[in-house]
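Chemist: Given only the sequences and the hints, what does the whole structure look like? Please build it.
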Amino acid sequence: MDRFAVIMAGGAGSRLWPLSRESRPKQFIELCDGKCMLLQTIDRIREIVPYDKCFIITNKKLFDITRKTVEDIIPVSNIILEPMRKNTAACIAYAAMILKEKAGQGVLCFIPADGYVGDENSYRAAVMQACRAAEETNNLVVIGITPTYPSTGYGYIHIASEKAENGAYKVERFVEKPDLATAERYMKSGDYLWNSGILVGTAEAILKNVKKYLPNHFDSLSRAVKAENNGQLPLAIENAYNMLENISFDNGVLEKCSAISAVKGRFDWDDIGSLGALPRVLGTDKDGNAIKGNYVGIDTSNTIICGNDMLVAAVGVNNMVIAVTQDAVLVCPKDRVQDVKALVGRLKEKGLERYL
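Read in UniProt numbering, the sequence shown has 257 at position 257, and its numbers run on one by one without any break.
Derived from the structure by calculation, the hints contain no laboratory data.
Careful, some of the hints might be misleading.
[What the hints assert, rightly or not] Below 27 angstroms or equal to it, Euclidean Cα-Cα: the simulated BS3-like pairs (lysine-lysine) are:
id, residue 1, residue 2
1, K102, K212
2, K264, K53
3, K264, K292
4, K350, K334
5, K170, K102
[As the list claims (entries may be wrong)] Distance ranges between label pairs, derived from CB positions:
id, residue 1, residue 2, range
6, E101, N242, 33 to 39 angstroms
7, D179, K226, 43 to 49 angstroms
8, N318, P215, 52 to 58 angstroms
9, N302, E101, 50 to 56 angstroms
10, N294, A103, 53 to 59 angstroms
11, A313, E136, 54 to 60 angstroms
12, E101, I247, 21 to 27 angstroms
13, A103, L356, 35 to 41 angstroms
14, D119, R223, 29 to 35 angstroms
15, G34, A313, 23 to 29 angstroms
16, D43, Y149, 22 to 28 angstroms
17, I247, E71, 31 to 37 angstroms
18, N302, I247, 33 to 39 angstroms
Where a beta carbon is used, it is the ideal one built from N, C-alpha and C, also for glycine.
Modeler: Now the structure itself:
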């Protein structure tokens, strides 16, 4: 069975402001290894899925930057454009319909474009195992990450204790981000995995479950895809998206579905959901500082410093975030990084969209 990768690259990344902007969200910025996260994701998957079977789904406003980023690697015809952001249920359902029309049956690997992976060989082994499980069972398969610390920032997957012959585990349930005490209990149990957001399944299995649990998504998008294929109603997909509920695939489908398997991913992973993730990605110096760019400091510790070409100088700073770009500076305590998204909302309220 043919295998396809669908890289989901339409997110806004507002929690990483000011590094991440609406015109260049976090999947297009370089944090480490000299490549943006989108290109790193493509590199990771290429030994499993050839470039011509690698697709990218993104917001139509990001078409130009996506095309320029992947030119000479991914065919431009493999870029699928969403008219607006309506969360991952719309993204996955629409892409699955497009792929089924273009390629018929096959296993689809939906992969977020903005994750950090430490051990790429173990990552590829997990994706291959998920593909085999999806082919053998025609179930949906997710990749969960063995927790390395009790994170309160990730959703979790509760799995059965015994694994099947194909090496996957039955998913008992999906759980939302827990408090610290619950996260510690999850980690000690050994039966909970971090939810990586990676989904694997045949086009048939994905669309069957969308039809069952999100019938409005299925009906609206099916009509739009047929209209587009017939050269009718250029705004068909935009009209369809306007009718869709803004809901994630996890909430809309996976939490309701009983036939789901999970593969354990035994590799370092981070969704880089906020600036607070940068020490895990960049590493730290002897004072516990995570540094990207030019920095000179005295008595500064446990601080995240991003200056790129701008020099950042700090004296007596502890447990802070300092992020500097050409037109904006963010300073906040490390334990308030989740409030950066609210700060972005405040900038919009004040009519300061030019900084977003």
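Chemist: For this structure, which hints from the list above don't hold up?
Modeler: 3, 5, 6, 10 and 14
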